[in-house]
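Let's have the full structure, built from the sequences with the hints guiding it.
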Amino acid sequence: MTSTPVHALPVTTASPARGGRRGLFGTLARLESLRLARHPVLISATVIGLIATTTALIRSAGPATDEAFVLPDVASTVGIAAMLSAYYLTRSFSRADELLEASPTSSTNRTAALCVTAVVPALIASLWLVIHYGVRPAALAVPEWMYGTFSHADIAAVLVGNSVVAAVGGTLLGVAAGRWWGFRGAFAVLVLAMVVWTMGVLGAFSSSDTAPPAWTRWFRLFVPFGIFTSAAPDNTSVLSLTGSPRWYAAWLVTLCALAAVAALLWRSEGRTRRRVVRAGAVTLALSVLTYGLAVSGGLSQPVRTFTDGHSVVVTK
Amino acid sequence: MNLPRALGATTGVPWRPVALLTASGVGLLLVGAVWRDSPVAGTAVTVGVPLLAAAAAYVLDEAADEAVAAAPTSLRARSVTRLVVAAVIVGLGALALGVVALRSGSSAKAGITVQLVGLALVAVAASAAARRRVAEPGDAVGGALLALVLTLALSHPLDRWVSLFPSEPDLRWGGYVALWAAVAVASIAGLWVATRDPLD
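Residue numbers (the numbering used here), protein chains in the order written: chain A, 1 to 316; chain B, 1 to 200.
Treat the hints as calculated values from the structure; they're not laboratory data. The beta-carbon is built from N, C-alpha and C at its ideal position, and this holds for glycine as well. Careful, some of the hints might be misleading.
[What the hints assert, rightly or not] Part of the chain A face toward chain B, derived, beta carbon under 10 angstroms: (1) 219; (2) 262; (3) 281.
[What the hints assert, rightly or not] Label-pair restraints from in silico Cβ distances: (4) A:236 x B:132: 54 to 64 angstroms; (5) A:311 x B:189: 52 to 62 angstroms; (6) B:106 x A:236: 26 to 36 angstroms.
[Unchecked claim] Covered stretches of chain A, going by a simulated chain B footprint (3 or more residues, C-beta under 8 angstroms): (7) 65-76; (8) 81-89; (9) 94-101; (10) 163-175; (11) 264-272.
Written out as structure tokens, the structure is:
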């Protein structure tokens with residue numbers, strides 16, 4: 001005998017009071033969002049991320065350049081946790097499959113409702129942007145010369161990409177993996193793939209000393225985590241890296257859309273499937289285009305800027 | 001040879017995820033050993049250790065737990081047999097960390113074994129506790145542990161007070177060993193309580 005997960009019951013019994021299918025979809029999305037918001041992994045990671053950012057801002061003797069230009073804590077805490085929480089949320093229905101198939105909602109609608117839960121991690125990630133642009137702690141007061149060749153809008157694009165877009169992308173990837181990967185231990189493959197993709201590429205290509213410059217230019221941006229500035233440890237200079245931050249942020253958004261398309265393809269049928277496939281093809285084309293523009297746009301060589309404002313092009 | 005009989009009480013261990021995670025963990029540690037000077041080596045070790053702990057989270061899974069519960073053996077005896085598998089996973093990880101230490105010429109790398117033992121004990125204690133509600137808690141416990149360790153390792157929220165994941169000789173090893181020893185003792189206590197038979 002198979003038992004039915006208790007979470008499946010509200011989904012199968014939810015009935016729209018008003019608004020027909022749209023009302024039912026809204027009910028499903030709200031239920032799933034609440035479940036994700038209450039997930040212990042996401043809550044723990046958010047607390048860890050907030051502690052990490054707070055201690056980094058307090059501990060910093062000068063400007064906290066990592067927090068000001070990269071915002072690394074959101075992707076490494078909320079992003080990873082959102083991915084795993086969404087994966088578990090999606091898999092939690094697997095044992096109630098037969099029951100859910102008998103419910104009046106299609107599997108594509110249920111997947112779409114799961115995709116909508118990305119709003120929750122996006123809201124959590126935007127807390128960091130509120131700290132950055134709303135609270136503006138002293139450690140984030142970075143002198144103008146440290147922006148190097150980038151404008152404030154460029155840096156804002158990097159921060160939004162590394163926080164809100166990373167959290168949304170993590171959630172959508174978790175839903176897609178939960179839909180397609182039913183084997184036990186799949187969470188590890190998901191995490192391993194993300195870590196190898198992100199940290200492996202960043203580790204191998206973030207420094208121009210370890211890889212040919214042309215490789216660095218193309219591969220450094222082929223990760224879902226953008227680094228465009230690198231401050232010297234003593235804050236006496238800052239290196240502006242190659243590429244266009246705004247097109248890079250656009251590329252990240254297309255990756256999120258591709259993850260959503262991958263999730264929605266699961267058990268989609270007929271006209272819905274054709275529409276999802278068409279949307280996927282368009283998104284893929286946009287993804288290739290934006291990646292090309294991110295790599296070919298912006299600086300073609302790294303530029304080092306010093307405290308007095310003068311800059312030199314770094315050829316190697 | 002009758003494989004289930006040869007495996008004895010460990011027959012019910014979900015070998016596929018255990019093998020997948022153990023191979024991934026050991027593989028990453030060996031990547032860290034081979035490319036010891038690469039920036040990727042640190043990442044490989046950071047991810048490899050919690051993967052091995054996540055593998056240990058599966059050893060107490062028992063799909064047929066209602067049938068097994070009727071067998072004339074205590075829950076603790078059955079759990080101890082399963083813990084041998086966890087010990088083998090930790091042993092393989094310790095060997096791989098030894099290779100990392102030998103290749104890098106830094107004995108500090110071998111000290112990461114303390115972290116591995118601590119994490120593996122947390123994994124089996126959490127699985128034992130969760131097993132009272134779910135027959136196969138390995139997936140949830142392993143994933144939660146991996147997420148928790150990675151978020152702590154990547155964001156360093158506690159570095160001001162203690163080094164959770166040191167890898168160099170000049171870092172704060174005293175606090176590190178004390179912390180993981182406390183975690184191990186608490187996990188063993190939790191494991192002891194969680195493996196008590198419900199009717200005792």
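Results for each hint:
For residue 219 of chain A, the interface hint is violated, since its Cβ never comes within 10 angstroms of a Cβ in chain B; the closest pair sits about 13 angstroms apart. Because the closest C-beta pair between residue 262 of chain A and chain B is about 20 angstroms apart, greater than 10 angstroms, the hint is violated. Interface hint status for residue 281 of chain A: violated, as the beta-carbon distance to the closest one in chain B is roughly 33 angstroms, over 10 angstroms. Our hint of 54 to 64 angstroms for residue 236 of chain A and residue 132 of chain B holds, since their Cβ atoms are close to 58 angstroms apart.
Here the CB-CB span from residue 311 of chain A to residue 189 of chain B is close to 60 angstroms, well matched to the stated 52 to 62 angstroms. At about 30 angstroms, the CB distance of residue 106 of chain B to residue 236 of chain A agrees with the hint of 26 to 36 angstroms. Only when three residues or more bring their CB closer than 8 angstroms to a CB of chain B does the claim for the region 65-76 of chain A stand; here the count is 3, and the claim holds. By the rule of at least three residues with a Cβ nearer than 8 angstroms to a Cβ of chain B, the coverage given for the region 81-89 of chain A holds, with 4 such residues.
Counting residues of the region 94-101 of chain A whose CB lies closer than 8 angstroms to any CB of chain B gives 0, which falls below the minimum of 3, so the coverage claim is violated. For the region 163-175 of chain A, the stated coverage by chain B is violated: 0 residues have a C-beta nearer than 8 angstroms to a C-beta of that chain, whereas at least 3 were required. With 0 residues carrying a beta carbon less than 8 angstroms from a beta carbon of chain B, the region 264-272 of chain A misses the three-residue requirement, and the given coverage is violated.
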